[in-house]
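There are 2 protein chains.
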Amino acid sequence: MDKPGEIGGGVAARGGTALCLGCGGPLLCDIQDQTAQGSLYMVQRGPLSGITIVDLSRILAGPYCTLLMAELGARVIKVEPPGQGDDARHYGPFRNGKSAYFSSVNRGKESIALDLKSPEGRDIFERLLDKADALVENFRPGTMEKLGYGWDTLHSRYPRLVYAAASGFGHTGPYSHYPAYDMVVQGLGGVMSITGHPGMPLTRIGTSIGDLGGGLFTAIALNAALLHRERTGEATKIDVSLFDCQLALLENAIVRYTTTGEIPGPMGARHPSITPFEAFATADGNIIIAAGNDGLFVKLAQALGRPDLAENPLFKTNPLRNQHQEALKAEIESVLRKAGTGDWIKVLEAAGVPCGPVNNIAQAIAHPQAAARNMLVEVDDPTMGSLKLAGNPMKVSAFPDPTSRAPAPDLDGDRERILRELGL
Amino acid sequence: MDKPGEIGGGVAARGGTALCLGCGGPLLCDIQDQTAQGSLYMVQRGPLSGITIVDLSRILAGPYCTLLMAELGARVIKVEPPGQGDDARHYGPFRNGKSAYFSSVNRGKESIALDLKSPEGRDIFERLLDKADALVENFRPGTMEKLGYGWDTLHSRYPRLVYAAASGFGHTGPYSHYPAYDMVVQGLGGVMSITGHPGMPLTRIGTSIGDLGGGLFTAIALNAALLHRERTGEATKIDVSLFDCQLALLENAIVRYTTTGEIPGPMGARHPSITPFEAFATADGNIIIAAGNDGLFVKLAQALGRPDLAENPLFKTNPLRNQHQEALKAEIESVLRKAGTGDWIKVLEAAGVPCGPVNNIAQAIAHPQAAARNMLVEVDDPTMGSLKLAGNPMKVSAFPDPTSRAPAPDLDGDRERILRELGL
Chain F
242 MDKPGEIGGG VAARGGTALC LGCGGPLLCD IQDQTAQGSL YMVQRGPLSG ITIVDLSRIL
302 AGPYCTLLMA ELGARVIKVE PPGQGDDARH YGPFRNGKSA YFSSVNRGKE SIALDLKSPE
362 GRDIFERLLD KADALVENFR PGTMEKLGYG WDTLHSRYPR LVYAAASGFG HTGPYSHYPA
422 YDMVVQGLGG VMSITGHPGM PLTRIGTSIG DLGGGLFTAI ALNAALLHRE RTGEATKIDV
482 SLFDCQLALL ENAIVRYTTT GEIPGPMGAR HPSITPFEAF ATADGNIIIA AGNDGLFVKL
542 AQALGRPDLA ENPLFKTNPL RNQHQEALKA EIESVLRKAG TGDWIKVLEA AGVPCGPVNN
602 IAQAIAHPQA AARNMLVEVD DPTMGSLKLA GNPMKVSAFP DPTSRAPAPD LDGDRERILR
662 ELGL
Chain L
242 MDKPGEIGGG VAARGGTALC LGCGGPLLCD IQDQTAQGSL YMVQRGPLSG ITIVDLSRIL
302 AGPYCTLLMA ELGARVIKVE PPGQGDDARH YGPFRNGKSA YFSSVNRGKE SIALDLKSPE
362 GRDIFERLLD KADALVENFR PGTMEKLGYG WDTLHSRYPR LVYAAASGFG HTGPYSHYPA
422 YDMVVQGLGG VMSITGHPGM PLTRIGTSIG DLGGGLFTAI ALNAALLHRE RTGEATKIDV
482 SLFDCQLALL ENAIVRYTTT GEIPGPMGAR HPSITPFEAF ATADGNIIIA AGNDGLFVKL
542 AQALGRPDLA ENPLFKTNPL RNQHQEALKA EIESVLRKAG TGDWIKVLEA AGVPCGPVNN
602 IAQAIAHPQA AARNMLVEVD DPTMGSLKLA GNPMKVSAFP DPTSRAPAPD LDGDRERILR
662 ELGL
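Protein chains in written order, with this note's numbering: chain F, 242 to 665; chain L, 242 to 665.
Pairs count within a copy or across copies, as identical chains cannot be separated in the list.
Below are the DSS-like pairs computed for lysine-lysine, each with C-alpha atoms no more than 27 angstroms apart in a straight line:
1. 540 with 570
2. 557 with 540
3. 540 with 387
4. 387 with 587
Calculated directly from the structure, the hints in this document are not laboratory data.
Could you build all of it, start to finish, from the sequences and the hints given here?
Here's what the structure looks like:
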């Protein structure tokens, strides 16, 4: 058993570091885990250390799942089609001809290009599966079967292999075989219908919540399935649909509709069932105030110099405040307009009222808490130079959270070492 | 070892069903798992069967995490303050005086009300921890320490207990002690700055992505930590910050900014770096088309009866299409305006081009794929009657995905049985 905080050399295989595909020991056979020495080959350590994932996924949903697995310590070997590789290698922004987009979701992974229709490619792929704990893919349903790698085949040949599939509509149901990308499921799943302002043009959620949602749920289920396998020996197949995930992320919108019969619509910048919980105008911009319970509302009223608001029978409880939301907003803004956002944030923070500005991306990543929590990590890419990417939000004690990460692999960039590990 | 598909009775403890806190065997000692008989006490089976979670969390981020754990088979025992209980019990919509909102994120859990400042409450709580695999909470940092249950204390007294904390800003850093709710981190984390239309009013993401993001990342890390404990015996503390999670969900926005120096802004209903990937006007509404690569763009051009678009040197590659996005949109809409959304969806689906309507909530849950994938489950609540809630998007082979779920517990509703299990 590894001691936490200790790197690689000489420790037992489990829970320590990435494993050599050949000897099964820590990946030290010829490329050492040299994080401390600043080598380009870095193995993130974490609760998934010792887990090896073969990753056929591309673009965003699957790669985001395996990015999170890598951040938690898994070794992720990306198997890409020769020539083009993952489609995301061709999405901007680019630097020195390389995709920074691709780097942002594939840092810290390895790459080998294999033609899964050729005997040689299949042979290597199957040797990889033989050593792997899990296979992740986000092809359209049926693709793996056409390749001869459907779940039944995989499960009988590799009985310990966990198989996670993320697809637009899942592996069952009448829409299973339709293609879907992020924006399609954002539209189909309803979140676009409750985002924005009534009567104004449609808006996409600014981040690809369709794909990211799929990646997140796949990672949760994959870790649960790895635990189940560890405890019982049984490997399972995970079937996640991006569309299903959108429904699961609708939170209270479904229950609002199924309980009241009213179809929820966009509500601008406020919460549908908590008040005050919205953006307000100040003298020089906006402030978000989220007074999620009666106690916080009292604190807010006091901090605004309007303790009467908390005594007002129209505003005594959250249901009443929901009912009189516009009147309350007018009262609050009449005070807030007397000073700027920065001043109000100081006042409300001192009073313990949850509040904040609406940051742009530059401001968000410059927030002092982002630096303190190591949420902007550095990748030293041999082609692109230094890149700043989002860090890992899952801080797990007993594991380091380094300030740099290994770069995304070049297409087929790890072929030679992987083949050596496999004894080829 | 359990056989998959078999319920409770007589099987070994691990990986099978919920465990009795007293005898450690399947929870059969006095309240049997009677799912098949339609009893109110239902234990969801899944890859986390046999895992017991003590859940101090409230409102949304923590409860969403433990909802997902319960959906995967964990037994979740909600420990609530006597009297009021979880704040979310008082959020609408209500039916027969009970919160449907609360039910939507707490179905299938158990509840016991304990005053953690009283000796009796602490005694019961500590007996629960003694039997639990994990503790989840989303208090403000420092609260657990004040109660005498900080990580160091917990870890030395319960060395196998995994501890997951989700808080607004995390347990470290200068903002650690500030309160934060969903909308505050939506604003601080930057996603609101890239959602909506340039020059139009701010909009919240219509679902509480601040809280849900925190719940999702906590669930991923918690499952990874449970696997690590299973493999090495070492329990760890997980420290997730809602703000960190927002940064981790910004996807390409961070890398666009750090690579190009340009601050990303809202872009309406289109993808920032893939074209065409947006909402288009038709004769009677909108359609989303997501042609994520050159092959799909060729199919789209052909399906529109405009194969020339794919030959046009302005539109040959994705970088070129990004550059000429407005011109391409005008070309595409000039065709799309000749028919309605429904007709175009048939044409484009037949051509294999990812596309879809913008559904409202009623349409989203009425989609045939939602029923086929069991994404709307029924809860038969003794007070509220039948509720329809979002199902589980994580389909794991070897486990059933029942069409109904146990209701959310009444406050303290499981006290008697839990105390009996504990021998009190």
